[in-house]
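Q: Now for the letters of each chain:
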Amino acid sequence: DVKVTQSSRYLVKRTGEKVFLECVQDMDHENMFWYRQDPGLGLRLIYFSYDVKMKEKGDIPEGYSVSREKKERFSLILESASTNQTSMYLCASSLTGWREKLFFGSGTQLSVL
Amino acid sequence: RKEVEQDPGPFNVPEGATVAFNCTYSNSASQSFFWYRQDCRKEPKLLMSVYSSGNEDGRFTAQLNRASQYISLLIRDSKLSDSATYLCVVNVDGSNYKLTFGKGTLLTVNP
Numbered sequence: 582d583v584k585v586t587q588s589s590r591y592l593v594k595r596t597g598e599k600v601f602l603e604c605v606q607d608m609d610h611e612n613m614f615w616y617r618q619d620p621g622l623g624l625r626l627i628y629f630s631y632d633v634k635m636k637e638k639g640d641i642p643e644g645y646s647v648s649r650e651k652k653e654r655f656s657l658i659l660e661s662a663s664t665n666q667t668s669m670y671l672c673a674s675s676l677t678g679w680r681e682k683l684f685f686g687s688g689t690q691l692s693v694l
Numbered sequence: 003r004k005e006v007e008q009d010p011g012p013f014n015v016p017e018g019a020t021v022a023f024n025c026t027y028s029n030s031a032s033q034s035f036f037w038y039r040q041d042c043r044k045e046p047k048l049l050m051s052v053y054s055s056g057n058e059d060g061r062f063t064a065q066l067n068r069a070s071q072y073i074s075l076l077i078r079d080s081k082l083s084d085s086a087t088y089l090c091v092v093n094v095d096g097s098n099y100k101l102t103f104g105k106g107t108l109l110t111v112n113p
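Those protein sequences? They're chains U and F, same order as listed.
Reading the first sequence from the start, the letters are residues 582 to 694 in my numbering.
Reading the second sequence from the start, the letters are residues 3 to 113 in my numbering.
Mixed in with the good hints, there may be bad ones.
Only part of the chain U face toward chain F is listed, based on derived beta-carbon distances under 10 Å [to be verified]:
1) 597
2) 618
3) 622
4) 629
5) 684
Listed below are the simulated DSBU-like cross-link pairs for lysine-lysine, each with C-alpha atoms no more than 35 Å apart in a straight line [to be verified]:
6) F:81 with U:599
7) F:105 with U:651
8) U:652 with F:44
9) U:682 with F:81
What the simulated footprint calls covered on chain U by chain F, stretch by stretch (three residues with Cβ under 8 Å from a Cβ of chain F suffice, anywhere in the stretch; the number is not a length) [to be verified]:
10) 631-645
11) 686-692
What the hints contain is simulated information worked out from the structure, not anything from laboratory work.
Backbone N, C-alpha and C define an ideal beta-carbon position, used for all residues, glycine too.
Using the sequences provided together with the hints, build the complete structure.
A: Written as C-alpha cells, this is what we have:
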C-alpha cells in the first residue's frame with residue numbers, strides 16, 4: 582500500500598521562524614501536493630508539483646514556498662511563520678492524470694505562537 | 003455560486019437509515035469528481051470516484067448531474083462505522099492536477 586509520511590505530527594514554532602515541513606512518498610508518484618485544513622474552511626491547496634523541480638501555485642501560496650529536489654520528497658517552507666499559519670498541513674501524492682486518487686499523509690498540526 | 007458547495011449538515015441518522023448528500027460545483031467544464039471520507043483526526047481517504055453514468059459500491063451510490071452541476075452520494079443501511087465527514091472533490095478549473103475540496107458534511111450514525 583502507498584505510504585505518505587510527514588515528518589512531524591505536531592510542531593510548535595515561534596512567529597518569524599523559518600519552518601520546514603517534510604513529506605516523503607514511497608510509490609514513485611509523479612504528483613505531490615500540500616494542503617492546509619482549517620475548521621470551517623475545509624482543505625485548501627497551497628502548492629503542487631507534477632515532476633521533480635516543477636511546482637505550481639495552488640489557491641493560497643502566499644507566505645509559503647516549496648522544494649522538490651527528488652521525486653519522493655516534497656517540502657513545504659514557511660519563510661517567516663505567522664500566527665495565521667497555525668493549521669493542519671496535509672501532504673498528498675498521486676500518479677499522473679486527474680483520475681488517480683490522492684493518498685494523504687497523516688498530517689502535521691502546526692502551532693505558531 | 004461557490005466553486006464546490008456541500009450540504010452544511012450535520013446529519014444525525016439512526017442505524018439502518020438511508021442518507022443522501024449533495025454537492026454543487028460552479029464550472030461546467032469540470033470533468034473529475036470524487037467523494038472522500040475523513041474520520042475524526044485522520045487524513046481524507048478516497049471513498050469513490052463519480053462517473054457520468056453513476057456508480058455503485060456496495061451500500062454507496064454516487065451520481066452526477068451535469069445539467070444542474072451537482073453530484074450526490076447515497077448511503078443505504080447506514081452503519082455506525084459510516085460516521086465521518088464526507089468531502090466532495092472536483093477539478094473546478096478543468097486542470098489535470100488541481101482538485102478543490104468542499105468543506106465537508108459531518109455524518110453521525112446513532113445506535
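Q: State for each hint whether it applies.
A: Status of the hints after comparison with the structure:
{"no.": "1", "hint": "597", "in the structure": "29 Å, violated"}
{"no.": "2", "hint": "618", "in the structure": "9 Å, holds"}
{"no.": "3", "hint": "622", "in the structure": "7 Å, holds"}
{"no.": "4", "hint": "629", "in the structure": "6 Å, holds"}
{"no.": "5", "hint": "684", "in the structure": "8 Å, holds"}
{"no.": "6", "hint": "F:81 with U:599", "in the structure": "45 Å, violated"}
{"no.": "7", "hint": "F:105 with U:651", "in the structure": "32 Å, holds"}
{"no.": "8", "hint": "U:652 with F:44", "in the structure": "25 Å, holds"}
{"no.": "9", "hint": "U:682 with F:81", "in the structure": "25 Å, holds"}
{"no.": "10", "hint": "631-645", "in the structure": "holds (count 4)"}
{"no.": "11", "hint": "686-692", "in the structure": "holds (count 3)"}
Against the hints set out earlier in the document, violations occur for numbers 1 and 6.
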